[in-house]
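As you go down the protein sequences, you meet chains A and B in turn.
Heads up, the first sequence stops at 313 in full-length UniProt numbering, and the numbers go up one at a time, no gaps.
Heads up, the second sequence stops at 313 in full-length UniProt numbering, and the numbers go up one at a time, no gaps.
It should be emphasised that the hints constitute simulated quantities derived from the structure, not laboratory data.
For each residue, glycine too, the CB sits at the ideal point set by N, CA and C.
Among these hints, one or two may not hold up.
Unchecked claim - Restricting the straight-line Cα-Cα distance to at most 30 Å, the calculated cross-link-like pairs of lysine-lysine (DSS-like) are: (1) A/Lys255 with B/Lys151; (2) B/Lys61 with B/Lys255; (3) B/Lys79 with B/Lys51; (4) B/Lys255 with B/Lys59; (5) A/Lys151 with B/Lys118; (6) A/Lys51 with A/Lys255; (7) B/Lys118 with A/Lys118; (8) B/Lys7 with B/Lys59; (9) A/Lys185 with B/Lys255; (10) B/Lys151 with B/Lys185; (11) A/Lys118 with A/Lys241; (12) A/Lys79 with A/Lys241; (13) A/Lys118 with B/Lys241; (14) A/Lys241 with A/Lys185; (15) A/Lys51 with A/Lys151; (16) A/Lys79 with A/Lys61; (17) B/Lys59 with A/Lys151; (18) A/Lys151 with A/Lys118; (19) A/Lys118 with B/Lys255; (20) B/Lys51 with A/Lys241.
Said to hold, decoys possible - With beta-carbon atoms standing in for the labels, derived distance ranges: (21) A/Leu16 with B/Lys185: 31 to 39 Å; (22) A/Ser295 with B/Glu261: 42 to 50 Å; (23) A/Lys241 with B/Val167: 56 to 64 Å; (24) A/Pro252 with B/Lys255: 32 to 40 Å; (25) A/Met116 with B/Pro175: 57 to 65 Å.
There are 2 protein chains.
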Amino acid sequence: MLLLSVKALTSENYELLSSYGIDVVTPDTITANQIADIMISYGWDNAIGEKILADPNAKLKWIQAQSAGVDYLPLSLLKARGITVTNASGLKALPIAQTVLSYILYFARGLNVYAMRKHWEPFTNQYLINELPVLIFGTGRIGKQIASHIKAFGGTVYGVNTSGRAVPGFDAVYPISNYQAGLAKARVVVDGLPGTADTADFFDTRFFEQVNQLFLFINIGRGTTLDQDALLSAIDDSRVKFAALDVTTPEPLPKNHPLFERHQILLTQHTSWGEHVNAGRTGGLFRLFEQNLTSFVNDGSFKQNVVNLDKGY
Amino acid sequence: MLLLSVKALTSENYELLSSYGIDVVTPDTITANQIADIMISYGWDNAIGEKILADPNAKLKWIQAQSAGVDYLPLSLLKARGITVTNASGLKALPIAQTVLSYILYFARGLNVYAMRKHWEPFTNQYLINELPVLIFGTGRIGKQIASHIKAFGGTVYGVNTSGRAVPGFDAVYPISNYQAGLAKARVVVDGLPGTADTADFFDTRFFEQVNQLFLFINIGRGTTLDQDALLSAIDDSRVKFAALDVTTPEPLPKNHPLFERHQILLTQHTSWGEHVNAGRTGGLFRLFEQNLTSFVNDGSFKQNVVNLDKGY
């Protein structure tokens, strides 16, 4: 069995793969006649990927994406070819959730004021986390991890998902068709939506017209889900007090972009995944990949993180 | 029974006191011949307090301080007079602990960098809370509340108290005579010491000489416990990377004070108590006071928050 490794592997990783009878090629070592033999792509390389998909004899069965969102993959084509995509959902749930908590506490505890203040002028208009109910769009691994942190602080957390099905750890979950019921109770909104055709500009002018005194809008989903001009207007109208965005459109943002120029907006430049132990954007990926490896080798099945190629997440 | 109320009371508070047969005077309404009759001082007013203590017939038995620290009270004199002091320890434990978590996450998640950054330059040298073990000097209510938040994030938290007695919620507790054993394992130090003769300048040059790569030094105890010049040197020598101080010497800090001028230092100007539900520095004090009221009225005893007048906390 041949595996194309787009991401660097350790010697331990190589040993483990070898114990499964898996040979490894990399974008540097691969030869033209190995293209069709690749069964597993660990990570995705656009150029090699195109060659694989153009080959009618390609044996590719499994792509382990290096990211939670897979909107950059040719999902319909992969479905037609019977290729399974597993994503990296959950990989960086912990660091992302800690960044979300850092955003909430930054504005709630007045650090946004004090970070800039170079003279004595106490600021006491501060909130506790339990004074700021949170509504999270997306109740997957990242949403659940955020919810668990909020609950640990004694806070209130609502969720939004497609069907409104209950999810452990949330005080209530609303269907996306009636997210307004949750929005009416929230002071903090977390955009954790995946980037799909359905979610493009989901948070638009009409969305922000419904909010009045939102304390904080957070985007840790995809930049495409937010109409940034609509957010800027809502900030300028004081319907939204603060915003913290990890993802933006475009990335990188050009210098002098309006998002840089509002003191109410904090930008963390798509680095909410940062940590030391599993350093790097895909640090820890192999551990996650490993959890599907036995069942895939045994019978071609998967235990977790399988992307629904119709839905795109 | 006469109560001097230095802090404002609501009509509900008055009703409750009345149900116990307690009459209320305030600094505005008190007359000279009532001074000796005061049995309870709810809050402390220096001018009236001096008159009470100067009166050999004073009936004062109980002072409910409006603060956790009581270093401003004449403790030896109060002891000689058999007056009990209860403090407000625990009153603001929750907001203070949330401010401590906001400090840790602010530096750990790189918000200190991003708050200032007005161009695209990703910063990924970020930590998870469980990558930064915390050592808390003081294992009382505030220390315990901080520890509980750290544990909820999966972090590691050590404590320091007088005897080294174990305290639930801490991974280990060290006696102050051997705090070095905890310091060796910590990346974050929280100074939560009370202001007493023993703790003056506890965190001095010798203390900071023992640290090498401390990530963050926090003071939410008393300004007097920290030699600020020693901290500034440690920051300038990179032995301490960042500092977050809620309390300082003096307060207010004068303009252009060196603490304002280090980008590595965050100052929250003695407002870590901020919240909305129990707004104000002493918001919630009556609820705490109430918990000793029944036993005091019944038999002169106290259930909680009694200050050891020898130790001063």
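Hint check:
no.: 1; hint: A/Lys255 with B/Lys151; result: 40 Å, violated
no.: 2; hint: B/Lys61 with B/Lys255; result: 43 Å, violated
no.: 3; hint: B/Lys79 with B/Lys51; result: 17 Å, holds
no.: 4; hint: B/Lys255 with B/Lys59; result: 45 Å, violated
no.: 5; hint: A/Lys151 with B/Lys118; result: 33 Å, violated
no.: 6; hint: A/Lys51 with A/Lys255; result: 37 Å, violated
no.: 7; hint: B/Lys118 with A/Lys118; result: 19 Å, holds
no.: 8; hint: B/Lys7 with B/Lys59; result: 20 Å, holds
no.: 9; hint: A/Lys185 with B/Lys255; result: 42 Å, violated
no.: 10; hint: B/Lys151 with B/Lys185; result: 16 Å, holds
no.: 11; hint: A/Lys118 with A/Lys241; result: 23 Å, holds
no.: 12; hint: A/Lys79 with A/Lys241; result: 43 Å, violated
no.: 13; hint: A/Lys118 with B/Lys241; result: 20 Å, holds
no.: 14; hint: A/Lys241 with A/Lys185; result: 16 Å, holds
no.: 15; hint: A/Lys51 with A/Lys151; result: 48 Å, violated
no.: 16; hint: A/Lys79 with A/Lys61; result: 11 Å, holds
no.: 17; hint: B/Lys59 with A/Lys151; result: 47 Å, violated
no.: 18; hint: A/Lys151 with A/Lys118; result: 34 Å, violated
no.: 19; hint: A/Lys118 with B/Lys255; result: 8 Å, holds
no.: 20; hint: B/Lys51 with A/Lys241; result: 49 Å, violated
no.: 21; hint: A/Leu16 with B/Lys185: 31 to 39 Å; result: 32 Å, holds
no.: 22; hint: A/Ser295 with B/Glu261: 42 to 50 Å; result: 59 Å, violated
no.: 23; hint: A/Lys241 with B/Val167: 56 to 64 Å; result: 38 Å, violated
no.: 24; hint: A/Pro252 with B/Lys255: 32 to 40 Å; result: 37 Å, holds
no.: 25; hint: A/Met116 with B/Pro175: 57 to 65 Å; result: 41 Å, violated
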